[in-house]
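Let's have the full structure, built from the sequences with the hints guiding it.
If you want the building blocks of each chain, they are given just below.
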Amino acid sequence: MTSVPADPPASGHPHRRAVSRGSTFDPIFGFLCGAAATLLLATLTGVMISLAIGGWPAFAKFGLGFFTSTRWNPSPDIAGGEFYGGAGPIVGTLITAVVALVLSLPIAVGVAVFLTEFCPRALRRPIGIAVELLAGVPSIVYGMWGLFVFAPLFSQVVETPLAYWTPPPFLGPGFADFWNNVVIGDLVPNGSGILAASIILAIMILPFMAATLRELFLTVPPKVRESAYGVGCTPLEVVMSVTIPYVQRSAIGAVMLGLGRALGETMAVTFVIGNAHNFPKGLFSGGSTIASTIANEFAEATTPLHISALIALGFVLFIITFAVLAIARTLLNAQRQA
Amino acid sequence: MAAIAGFGVLILITLLILSALVAVLGSLFRARKLANLGFIAFCVGGATLAIVALAAILASLLANGLGGVNLAVFTQDTPAVGSPGGLRNAIVGSIAMCLMGMIIAVVIGVLAGTWLAEYSGRSRWTAAYGSIVRFVNDVLLSAPSILVGLFIYYVLVAKTWPLSLGHYSAMAGAVALAMLAVPVVTRTTEDVLRLQSKQLRESGVALGAPLWITIKDILWKAGSGGMITGALLAFARVSGETAPLLFTSLGNQFSTVHLLYKEGGKWIFDPSLGLNQPTASLPTVIFNYALSAYDDWRRLAWVGALLIAIAVLGINILVRVLSAEPKRS
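Chains as they are written, first to last, in the numbering used here: chain A, 1 to 338; chain B, 1 to 329.
Bear in mind the hints are in silico, worked out from the structure with no lab data behind them. Among the clues, some could well be false.
Claimed, not checked - Dumping the calculated BS3-like pairs for lysine-lysine here, alpha-carbon to alpha-carbon at most 27 Å: (1) Lys198(B) to Lys221(B); (2) Lys61(A) to Lys159(B); (3) Lys33(B) to Lys223(A); (4) Lys198(B) to Lys216(B).
As structure tokens, this is what we get:
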């Protein structure tokens with residue numbers, strides 16, 4: 001007795017032919033899906049490899065100097081020739097992102113707490129939705145607002161008064177030193193600079209962080225929070241000792257995602273940072289970030305070394321953001337699985 | 001006027017710092033009510049400050065952009081300094097590149113998401129590979145867009161290898177945008193497919209349908225709402241991106257996206273749709289015009305920013321309306 005073949009010849013059975021043709025396509029479909037997934041992996045590797053290769057001439061030529069020097073001289077005609085030291089933009093990137101985070105994190109927590117604890121019920125949904133919508137506004141809009149509205153105001157209300165203010169002597173010479181060298185730097189009251197860029201960045205990442213934190217706070221089971229209220233905790237104590245510890249890991253992850261955004265942001269920064277290549281002398285000095293340098297100079301770069309130096313900066317940004325995002329995702333995923 | 005608003009915000013910030021101080025002092029002295037009062041004031045003040053700042057941004061967008069909106073914006077190309085003009089070439093270029101990018105992104109993203117949801121659980125090895133891909137996708141989801149621009153410049157615009165196009169073009173721009181959209185589509189596709197019940201999959205098997213038919217006709221169909229939402233969100237994200245277009249599609253003073261165009265009094269048929277040339281886009285025009293020193297260019301930049309903001313917010317609201325519908329019923 002011979003067994004019936006699994007796929008009988010299809011002649012005369014149009015329906016069966018369709019099915020059997022279908023199953024021969026099965027492995028192809030699976031392969032296509034797998035290939036698309038692999039393409040994602042290939043893209044990230046491709047970004048890393050191409051930036052490394054493209055930046056190699058600059059790394060090879062300047063070595064460690066690329067990270068430590070602040071001389072950025074694209075013109076071969078000036079004494080010393082072309083030289084690219086990325087310390088200014090690299091430090092500028094880190095400072096603006098960290099200052100932006102320091103400025104926006106407390107307020108983002110405040111907004112998230114306000115929305116989950118204090119907000120009148122009727123306003124909760126509209127404000128929540130508004131915050132989420134604003135997280136999607138393109139960054140160039142924030143940049144334009146920064147350039148045309150915020151910078152003149154900042155110059156008039158904050159920078160000009162500060163430029164004429166000297167710290168009173170009773171605060172001591174130590175404070176005056178700190179004030180002049182760390183805060184004021186070489187202040188030009190035109191509304192642009194490291195702090196101005198940080199504030200715009202902070203406003204930009206605020207809705208994103210507030211929306212994420214609010215979502216996290218909502219995952220805390222009401223029972224846990226209510227039991228804390230039940231033993232007589234004030235809202236402050238509930239938030240500090242129940243809500244925040246409950247979502248701690250993912251909250252740190254969410255904050256680092258915000259940091260990642262701030263590090264790589266181009267448009268919100270480029271308009272107001274002042275675009276100076278030197279090492280930022282103070283919070284009010286002009287500066288640059290990696291992203292703003294690339295955006296400003298790439299189209300005008302003519303020599304291969306200049307392009308290579310910009311791609312090398314891109315590679316540095318890639319490594320920094322990759323590390324931050326990897327930590328963020330690990331923390332967020334750990335919470336999700338727990 | 002602006003100065004008054006500025007001082008108002010300054011006062012708000014001072015109050016914010018004061019209330020934070022009260023909260024800290026209160027907890028130092030174990031005065032629970034005081035600390036709590038400071039905390040509530042801080043939260044309310046913070047929310048007010050955030051809303052004021054964001055409302056100010058939208059208000060200035062309307063105030064500066066709305067006055068410049070007229071028919072010429074949609075019917076004329078970007079002008080030379082001092083002459084009248086509009087944003088037609090930039091709008092058309094943006095739409096063309098976004099659509100092209102989204103087509104690429106949906107194909108790749110849906111397939112990759114399907115693999116993650118349906119195929120990655122087959123063995124220990126595929127599961128491990130799947131978690132790597134998922135992690136990489138999460139990183140790409142928030143990767144700096146300017147790096148994507150640099151990457152596409154390096155592979156498609158610069159003459160680094162034989163497969164490069166070798167020049168700035170709408171196609172390179174579309175690929176850069178696709179790269180930013182793929183992770184969003186992949187993520188939502190996977191999430192949506194994972195939500196589908198086992199019975200749904202078994203129903204396909206019971207009918208004797210091959211796996212790919214089951215996925216295509218049953219799972220994708222069942223999850224289409226969520227997948228469309230994901231694609232729309234990706235579209236909204238991509239349509240405002242500036243940085244990746246700066247060195248991939250560059251920009252162009254003229255309309256380049258067309259099937260037929262007139263040159264020297266003769267109509268010429270262009271099968272490439274003009275996608276092989278440097279192409280203007282709204283975000284890059286805004287970037288260049290906002291940084292220029294000319295008032296009429298700056299006005300156009302505001303109009304462009306308003307248009308983009310409306311488009312992006314509109315898509316986001318549409319997504320909300322679409323995804324809220326089934327929940328209510």
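Each hint tested on the structure:
no., hint, verdict
1, Lys198(B) to Lys221(B), "holds (15 Å)"
2, Lys61(A) to Lys159(B), "holds (22 Å)"
3, Lys33(B) to Lys223(A), "holds (23 Å)"
4, Lys198(B) to Lys216(B), "holds (15 Å)"
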